[in-house]
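Peer 1: If you want the building blocks of each chain, they are given just below.
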Amino acid sequence: MANVLEDVGRRTLTELDYVGSLNIQLWSTLRAMKSALPLVGNRYRWQATVRQMLQIGYDAMPMVSLMAICTGFILAMQGASELRRFGALHYVIDLVAVGFTRELGPLLTAIAVSGRSGSAFAAEIGTMKVTEELDSLRVMALEPIEFVLAPKYLAALISVPCLTIISTSFGIVAGGLFMFFSTRLAPFLYFRYVLESIALRDVITGLIKSLAFATIIAHVGCLEGFRVHGGPDSVGRSTTTAVVKSTFLVIVADAVFTAIFYFTVRP
Amino acid sequence: MPIISIRELVVEYDGRRVLDGLNLDIEPGETMVLLGGSGSGKSTLLRQIIGLERPKSGSVIVKGCDISRCSSAELKKIRHSIGVAFQSAALFNSLSVEDNVALPLREHTRLAPSIIDLMVWMKLAVVGLADFGKLLPQELSGGMKKRGAVARALALDPEILVLDEPSAGLDPIVAAELDELILLLKQAFHMTVIVVTHEMQSAFQIADRIAMLHKGIFTSVGTKDEIKASQDPRVRHFLDRVPEDLANAAAVAAHFEKYLHSQETYQ
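Protein sequences appear in the order of chains A and B. Just so you know, the first sequence maps onto residues 160 to 426 in the working numbering. Just so you know, the second sequence maps onto residues 1371 to 1637 in the working numbering.
Check each hint, because a few of them may be wrong.
To be verified - Example chain B residues on the side facing chain A (calculated, C-beta under 10 Å, incomplete):
no., residue
1, L1422
2, A1459
3, A1623
As the list claims (entries may be wrong) - One-sided and incomplete, this derived list gives chain A residues near chain B with beta-carbon spacing under 10 Å:
no., residue
4, D176
5, S180
6, L293
Hints in this document: simulated from the structure, not taken from any laboratory. Note that CB positions come from ideal geometry on N, CA and C, so glycine has one too.
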């Protein structure tokens, strides 16, 4: 029994230490973010930010779009198979539009970015640590948080909401295609119904979620990279851990945000 | 007045003492070689000197400032006057060799890009890499990478140049070329050079003074001739390449006795 309690206590402390490290890292990054901004910051940092934006956003667009199209079809088909029985097929439009804007757009994007970029952050920073590149930054009086993390975080904050908008749009388009082929509903009418069913608050809550997901993915990925100890095998482990932890935290954060918006934002 | 002064330095990792009360003064303009076998603590000492780690107790005073207790602004100022070439070279793999050398100049000076280009070319020319600036680090040989790291360490014309195992893993000719380069740099720039190595030939070629480390303590500090003439058995073992007894016969016997005893009890 004592061993179990000891184990629970140790695990709790480890998790608290992890959350504390994430918060310290987030605070340090926010303080260093100015250097990554255009015009007021360091131009090399902004160039690094743009490169990161292309990697996180532009390179992920085909994958995110395809995932959104598939999910849009799945959601529309599954919804239609049930709603058809009640003669409420037109509610598929609401289901797809609201579901994607509030929930599936941000979540699908976050899962895709977590798998692609969260793991890449951990691998890149972990390799830099193993090869003493982070140490060489420090001895050149350059802070790794400012030099490495700030551009990645700023790029994620810009790219993930943009990807979320793209993902949501493709999901809704997929729903429209399904409605066209199954009920011959004209695309023009479909988009008019979509606009009627979505409120501005749905768009805003979706984008707030995407900003939170971007923060989780960037910081978990980078923290796992900074925590690498030892050799290349440790880099591999940190990459896997980054994806697992960031995906888990994204889903937890999604549940928390959904609950907050459900109870606080009234239609 | 010494440019670097180490006083009663103690470093521990997880309760294991790695450096045990070291004292050493390094005078301006001298080449100090930290010589010792694997695991003697020389790289740990080097990380203390360049302020990458904090000691358990004691101090490392660089240019009159205790590097483990000074403010971040003071530490930044000190780091501008130290150039470090790591054992693994630690060049940034995503940047070309010339961008690696240009990095500290771009970050810490307001020089025009054309002047930076000229300075980068000069630093690369000093180490014999003037024609290889456009290449990526992974396209260079081991010796070229180390010379590239030296060029980057020289970028800000530091007062102190620190080289971690410059000739490790290199063939004798390339290692001798690097030794020549260190002598040339000292002659040309009158800088204080600290070299960590376990290569005796190299140490006796470049050193003004040698500090011999053995299991975390200095066994001998002196000029090349003093070290060569030392009668300290630990120094003699290292210089005469006498292998240590890796297997402790008493411990092996005790282990087997314990094993046999446990087998008897089991039967």
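Peer 1: All hints are to be evaluated individually against the structure, with a verdict given for each.
Peer 2: Each hint, compared with the structure:
1. L1422: Constraint on L1422/B satisfied, holds at 6 Å.
2. A1459: 8 Å, holds
3. A1623: 33 Å, violated
4. D176: Status violated, d = 17 Å.
5. S180: 18 Å, violated
6. L293: Since chain B brings a Cβ to about 9 Å from L293/A, closer than 10 Å, the hint holds.
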